[in-house]
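Chains as they are written, first to last, in the UniProt record's numbering: chain A, 1 to 248; chain B, 1 to 314.
A hint or two may mislead.
[Said to hold, decoys possible] Below, computed lysine-lysine pairings styled on PhoX-like, alpha-carbon distance capped at 20 Å:
no.	chain 1	residue 1	chain 2	residue 2
1	A	11	B	123
2	B	106	A	10
3	A	46	A	241
4	A	241	B	14
5	A	11	B	70
6	B	14	B	205
7	A	93	B	123
8	A	75	A	182
9	A	244	B	14
10	A	10	B	14
[Unchecked claim] Going by beta-carbon spacing under 10 Å, a handful of chain A positions derived as facing chain B:
no.	residue
11	6
12	7
13	42
14	44
15	84
[Unchecked claim] A short list of chain B residues far from chain A (calculated; beta carbon distances all over 12 Å):
no.	residue
16	76
17	79
18	142
19	210
Worth flagging that the hints you see were computed from the coordinates, not collected in a lab.
Think of the CB as a built atom: it goes at the ideal place given N, C-alpha and C, for glycine as much as any other residue.
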Amino acid sequence: MRAMFLLEMKKNLQDHGLLFWMLILPIAFIILATAIFTSGSDEATKQQVIMSIIPGYAVMFVFFIMISMVTTFLKDKDTGMTARIASTPITPKFYLLGKWIPYMVIVWIQIVILLVFGKLVYQIPIEQPFLLLFLSLALAFTATGFGLSLALLVKTENMGIALTQVIGLGGAMLGGLWVPLKFMPDFLQTIAYFLPQYWAHQAFQDALNGVLIHKDFLQTILIIMAFGCGGYLLAVLRYPKFLKQARG
Amino acid sequence: MLVIHDVTKYYRNKLVLEHISLDIPSGSCIGLVGPNGAGKSTLLKILASIIQDYQGKVQLNNTKSTFQKKVLGYVPQEICLEQSISAYSNLCFFGKLYGLSGRQLKKRATEVLEEIGLSSHAKNKVLHFSGGMKRRLNIGCALMHQPKLIIMDEPTVGIDPQSRRHIFEMIRHLQETGCTIIYATHYMEEVEQLCNKVAFLDCGKIVEQGDISTLIQKYTTPSVFVKAKNLQVTALDKLGQISAYRQGFLIKTEMPIAVMKQILLMYQANTSELERLELVKPRLEDVFFTLTGSELREGVHSSSKESSKIGGVS
């Protein structure tokens, strides 16, 4: 598993496209959205908007890692690498973990950088940093867990990109990452409770402001991670079929 | 000893392998040949533990499958390497998957680089390698853990003669060290050069297997090629089965040396008329065509579960 992890990290560090998706694009969006939505507002409103945008966009953009995950798994499948690795003693569970963990690390670093960016540029408060670190880990686990299952479910890269948009943008819209939930219709507010984005966003905002209580923290962690576990389980179940489709 | 016993495999309803049984003694090199869609790659995937849902039994020296993977080296038909990293890193990656680490890993990677002739390119990215270099590295990755059984699926496709020769030397060296090799290919001359046994696979079945020279003797007849001025077919009639071939005649006979002597006698008086007299040795390719026919194949045979069941009942 360690060999898989190190190889995947090495490949990702060489991938400049990943840098664009994971850091440049979200930072550009944060700057743009903040400029648009705070224009002409008073200081209190401005601070309120920033406190929603930065964690909101951080949560939204972590899901774009799914594109990279789909690409790498499909490439391995088409080049015969998946089949070749299956002929070695590494078990499917460790193969999937070895491919998955590097993306978790990347996403975790991404969240940390985006929050530090918010702190340095927009002076957002970071009142509960330890809780934020754990929340970031849980969110990284879930977003990449989704990515893992998606990578093993889709047949083409285009399908993967399309579904990533649905999960990433759809989840952001319905989870209250773009518009505060209170401004949305009741039925959409109900849907939000079934989305990891909603729970992550709420907990991030509270932890930044220093009002996240331990009970809510644990509840959020469990809910978010349940989604991630679901993704991993789905991937493990899907793996035999994925291997059957692999060349080699 | 690798024992393949009564292996049958369906893809959905399509029968891909039908009651395959093959005993491969330790230290032997067996060629697996057959037309496209014969089931060679599927059989190799089963042997390499990539496909695990099949009927029948595959057993290596009475071991269980997890142990089998550690003693097995699989060289796939595709070039399965990480292009963005170096040859050395690729070898180390596969070595680690087989449990090598530390000094042992480094030592083995250096040895394999030497064996595959890529020592001077160890730190170069695979992306910039030629087809032959990639093929050699593809094999090298399967040799890192010094496997006892090596499965090679068309390892010489699309490479230059130098690389091919190097790969042949590597395979001969592996044979000398006692490795068992299963070598799937379309190139009959490779099987003749490298293997001592051959199995012909067609439409998911083993249609023949055995010693190469025995099969050539069993399925083919030697020929004598003669080209001469003013040569009449009637003069050759009694020597064997005659057919026109490259502006001369091919005489199929069980006694080629005797036939050649007779032809030489015929031209004793005027040797300048005899332009060419050659013994044409039968090839494995002739056995292949005898067993599988020469019509073009579409790639996949299509016996269905239902039809085979019906066939079985009737």
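We went through each hint and held it up to the structure:
no.	hint	in the structure
1	A:11 to B:123	16 Å, holds
2	B:106 to A:10	19 Å, holds
3	A:46 to A:241	51 Å, violated
4	A:241 to B:14	17 Å, holds
5	A:11 to B:70	26 Å, violated
6	B:14 to B:205	14 Å, holds
7	A:93 to B:123	31 Å, violated
8	A:75 to A:182	43 Å, violated
9	A:244 to B:14	14 Å, holds
10	A:10 to B:14	41 Å, violated
11	6	8 Å, holds
12	7	5 Å, holds
13	42	51 Å, violated
14	44	50 Å, violated
15	84	4 Å, holds
16	76	4 Å, violated
17	79	8 Å, violated
18	142	9 Å, violated
19	210	28 Å, holds
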